[in-house]
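**Student:** Sequence:
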Amino acid sequence: MVKEIKAILKSKSFSEVVDKFPSSYIEFMAFTPLFVFMIIPLWQFLHNVLNQGVVFSAYYSKTYFAFILCCSVGVAAIALYIAKNIREHGKPSFKSVVKENVPLAFFAVLILLMIIATCVNGFDKKAVYGDSYSHESIFKFISYFALYFPLATIISSNRLRETLLYSFIISSLPVAIFGFIDYVIVPLDAFDFGTGLSGVFHNSNHYGYYLAMVMSVSAVLFIKEKRTPLKILCGASFLINNIVMIENDSFGSYIACFFALIFICVIVSLNEQRFNKLALVMPAVFIAVSVVMGLITGIVGRNFAVLFGDLSDIATNSEDAGHAGSSRWQLW
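All letters in the sequence shown, in the order written, are residues 0 to 331 by numbering that gives the first Met the number 0.
Source of the hints: derived by calculation from the structure; they are not laboratory data.
The hints are all genuine.
Derived Cβ-Cβ restraints for the label pairs, each shown as a range:
(1) F27 to A107: 24 to 30 Å
(2) A75 to L103: 15 to 21 Å
(3) V291 to M113: 38 to 44 Å
With a straight-line cut-off of 35 Å between C-alpha atoms, the simulated DSBU-like cross-links for lysine-lysine are:
(4) K83 to K223
(5) K139 to K125
(6) K11 to K90
(7) K83 to K98
(8) K139 to K98
Think of the CB as a built atom: it goes at the ideal place given N, C-alpha and C, for glycine as much as any other residue.
Please model the entire structure based on the sequences and the hints provided.
**Tutor:** If you want it as structure tokens, here you go:
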């Protein structure tokens with residue numbers, strides 16, 4: 000490694016840097032911002048535990064610096080990856096690039112629409128830094144599609160891919176376990192900032208979206224994993240986060256997760272060109288946990304009653320139809 004770095008530093012042009020830059024280094028550069036992104040909830044949880052009383056704005060300035068640093072590493076990785084491919088395989092046609100990266104092409108259109116909408120509505124402080132509630136600027140929104148997704152496509156190493164996926168589900172467990180304890184058993188200072196069972200998030204709905212993603216990843220890894228200890232970890236992650244999701248009471252995320260599990264069954268079976276019976280275990284567990292938690296808390300039954308009531312109002316054009324979906328139907 001030292002020799003390779005010295006050789007890169009002695010390069011006299013960017014082309015020479017690209018030629019001497021090992022592909023494995025580019026992959027690791029792409030891996031680093033993604034890894035940080037995966038463990039942010041755990042990072043926030045540890046901050047809450049270890050730094051009670053720290054002014055949030057001071058903490059936010061540090062995280063914003065980390066975000067800029069990760070973006071810089073990510074942009075450098077993408078630039079090196081593109082340059083290296085051009086050097087080794089020649090300049091591709093625009094048509095072939097779009098054909099091989101269809102999801103990225105759709106994301107490019109989405110980013111363009113983001114920029115247009117922001118310019119039309121005014122490129123003000125909120126656009127640059129985000130509001131005081133979420134701190135989500137246009138640059139962060141763009142980074143999700145223009146940075147994190149392309150970085151994931153660069154990584155071909157199965158070891159690095161597995162590390163990312165397992166870091167995602169492992170980092171969710173302390174947040175889920177202690178968040179559940181805080182909400183159901185005894186209040187903990189580390190979770191004073193959100194509403195409802197929201198973990199380290201500002202809003203229980205935001206945490207619900209996160210739980211849906213964690214459970215989906217846990218389900219896929221449980222189905223595909225061959226190593227028993229890791230399969231147990233994935234199963235435990237799915238079960239714990241499933242319990243927390245129901246107590247979280249974000250019904251939209253709950254419905255989305257159920258359909259994601261059905262979708263996973265279909266995709267896994269199509270990919271393997273045979274019906275994968277193990278894939279059915281995850282929806283079955285999801286339903287079983289829902290039944291048990293529903294009997295204990297009444298949350299699941301109540302939410303389904305509201306859902307069917309809303310659907311009835313919409314179907315009959317009732318005056319109350321605008322209140323369906325937490326009053327979102329009127330917006331739609």
